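Colleague: Spelled out from the first residue to the last, the chains are:
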Amino acid sequence: MASNLAEVTKAIPDFTELVEEHQAMVFGLAYHFLHDRSAAEEIAQDVFVELHQHLDQLESAEHVLFWLRRVTANRCIDVSRRRKRRPEVPLEELSDSAASIVETDFWLNERLRRLVASLPEKARIIVLLRYQEDLEPVAISQVLQIPLNTVKSHLQRALISLRHKAGVAERKR
Amino acid sequence: MKLRFTLLSAILVLVSVTATGAQAIKVPENWDRLAAKADEVVNVTLDKKMLGLASKFMDDENDAAGKRVISKLNGIYVRSLEFKNPGEFTAADVEPIHAQLQGPEWAHIVSVNSKTEKENVGIYIKTVNNQTVGMVILAEEPTELTFVQLDGPVNSEDLDELSGNFGIPKGVHAAPPNKVPQSKAEVKK
Amino acid sequence: MTDHSQDDRLEDERLEKALRAALLRQNPSEDFASRLQTRIAQRTQPKQTVDSWWALPRMGWAVVGVMCVGIAIGGAKYEQHRREAEGQAARQQVLVALRIAGAKIQLAQSRVQRLSEH
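Residue numbers (my numbering), protein chains in the order written: chain C, 2 to 174; chain X, 545 to 733; chain Y, 130 to 247.
Isolated chain C (complex conformation) (with noise of 0.2 Å):
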């Protein structure tokens, strides 16, 4: 048993480098799934607290990673099912108000940000998993614990909805 400890704080920074390392990642998840900073700030706060009760039962630096988004994810869909007093705002019904403004890399990012923050759910979270984390399905299927045909599907929905409305085949960057 000691030796697996000597093991794990061998694997693992301690926890303030963890959150140095990690921050960015874990409210990134957040506040790209919900486009709101506090409420992105306080899941992130809960996600760390929360490792830094479980830190001992993870096995690496790998491993940490792996729980953070599963935990960021998962803590994300739980408040935005919460917060369903505004309810996801269907694609067809974004405001095109905003695209009165100079059409910029910075309108363009924008836009595509609050299109993302209004998928399903789950659509989201696999997009932000896969565009932020870089991650392969095979690796989001993972951290969802959903089935790979379900992740891939979604993704392709989520991309059509996406291209259909940001309009991008039209843009040039």
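Misleading hints may appear alongside valid ones.
What the hints assert, rightly or not - Sample of chain Y residues at the chain C side, in silico, Cβ under 10 Å:
1) Ser134
2) Asp137
3) Ser158
4) Ala162
5) Val198
6) Ala201
7) Leu224
8) Val225
Keep in mind that the hints were calculated from the coordinates and are not lab data.
Being a predicted model, the structure only gives us computed values, none of them experimental.
In this text, a Cβ means the ideal position worked out from N, Cα and C, and glycines have one as well.
Once you have looked at the hints, place chains X and Y on chain C.
Modeller: Only chains X and Y this time, still in chain C's reference frame:
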């Protein structure tokens, strides 16, 4: 038809946008150096608690509009520097603020640049979840540099309320009759 | 995505590139880590126990009680004055801030209006 005006006034209206009232946009530290050169310095930092306190003392009928505006705010932050001579600050002094306003939540809704007047004014709105949660006004004038941040759900009616109120009559900045402007400006709405 | 045409694939690639750019990791507020540490420290802090240091003789406690009331009354009045002064100062600051904000908004509006008339 949308007219594009580019005004480079650096009015820094700092609108704090977080629920905790923390100032979202930071004024660069070198502004302290600029303040040392300024003739007049206005530095206002009011969080939600202080705004609530102020509101209790705004019973005068002239205060009614202001009271309405601040009732929904979490904070007001103002840094205004007025210099004796032009040229006391440069674009580099303002750039750190512009950089912070490039974040995903910020939309640059008004940008007015006037070469004639040597002014730039920008108004930025911060939105989260399709809700406006703050506003920044950044104005650069020949002898004045102003930053204002309003933290809270400011809307266009509030802008109207603010404009031409609180002792500033409407039209004070209007050009005198028969003056032909020579500057191009961009406005983004 | 097996039935995608080449155009569809190109569009997807463009979209994916745009998504990666839009969905970059984001830093939380600067004090995130310190707030987190505070929160964790509070969770692990042992509960404080109160020692029974307050076992003074009864008369001693009566004297203490009277003193406290006296201090409280004087303190309350002082506090009231202090709050009023603070409130008035805050009101002045609000009015100054709103005046400045209003002036600059009006500046922007006037420039826009002038230019739109020509």
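Colleague: Checked against the structure, which of the hints given earlier come out wrong?
Modeller: 1, 5, 6, 7, 8
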